[in-house]
Amino acid sequence: MPDADRTGATLQLTIAIVVLVGVLVMTGMFRMWRSQFAGRLDAWMPVSKRFGLELKNKGEPHEAVLSGDFRGVPVEVTIGGGHSNRPLQMCTRVFARHVGAVPPGLEIYNRSVVERLRTRKAPEISTGNEGLDALLCIRGLDEDKTLEVVGNQRIWGALASLFESADYVRIDERGVLLEHFGFLGREVEEWLQRATQFSVSLCEAYEESWHTFAKRLGLMYVGAGKPGERVMRGFYKGGRVSLRTGVDPKTGVPRSTIKVSIASAMPAGFRIQRKGTLPEYGSVPLLDRQMTIAMTVQGTNRLAIQRMMRSPQLKQTLLGFFDVCPHPVIERGWVCATGPGLLSGDLQAQLDAVVQVAQVLAEAWAPVAQSLERSRRPAARTG
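So for the sequence shown, this note's numbering puts the first residue at 5; every next one is plus one.
Source of the hints: derived by calculation from the structure; they are not laboratory data.
Below, in silico cross-link-like pairs of lysine-lysine (DSS-like), each with a Cα-Cα straight-line distance of 25 Å or less: (1) K263 - K219; (2) K263 - K279; (3) K254 - K125; (4) K279 - K319; (5) K241 - K263; (6) K219 - K241; (7) K263 - K319; (8) K241 - K319.
Please work from the sequences and hints to get the whole structure.
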């Protein structure tokens, strides 16, 4: 056999031996790793039995799932890839699903390149702290309501603790996700407690703001008729009040409506809306130029309505109301103010403004109604 052929055969044999040894070493290491993983996963068994959670393990790390209700909160613990620019690193993912409502469009997560590439439905909200805003991102459909809830002292402290302990944190309308690079053994119970406690506290903080407001004004909080909707009803400053807030299903934008009843009966067919929203045919001519430009007034008794609209206080109140409120409507004995947002922050100021309109309307109509009543009495006696 020539020397060249002998050298080539020797080289091929050497390569084959090296590959075989490499495969054997990798196989041994994989078996050791799986054995180590199985040993760590055994630490999940006491947690599974203690809290009635279901543990599924088909042998592969990514197929291990610990799920069920952890103290009334649906949870799931899985093994998979991580976030924060390390998607290929194996990590333990602990997820707790909300059992209540949170501010609509809420998202809180670590800033990273991976997250910035995702499409968001809610705008980013600034906390005013540059250092904090550089570390985490907060999003929500209503800035005031989101900051009101997240800025709660109890929530803010718990949120800081989550970001300190977990390698990745994500909180949204679905629930709370915590990720730890590597395997969680006995510590999985502690992580489940952190995720579920924060989820419950966040939902409670969101509800507390509505309960506190309703209790302070003596209104009845009737909860939500639809997902994300909040309704309060009752009597406030002599008028019936209805407050409804939620996310518009068509536009996805938070929208709220405040309705306050007018204490006295108004003229038949009486209604006022912004200029251009009602047909001008048959409307009541107004003697004031500012009011004519801003609104359209309708009703069957034109002369009586014109007399009422001459009230200086009513003119000032209505012009201010139409200037501030995006969608003002007065009809069927109600003053309605509809606009964007979730009635947060200056909610009482908004409610007081609508109540004032209802009160001024009743006061302006009272002398006109009395005059009409006096004119009817002689006619009735004559008949």
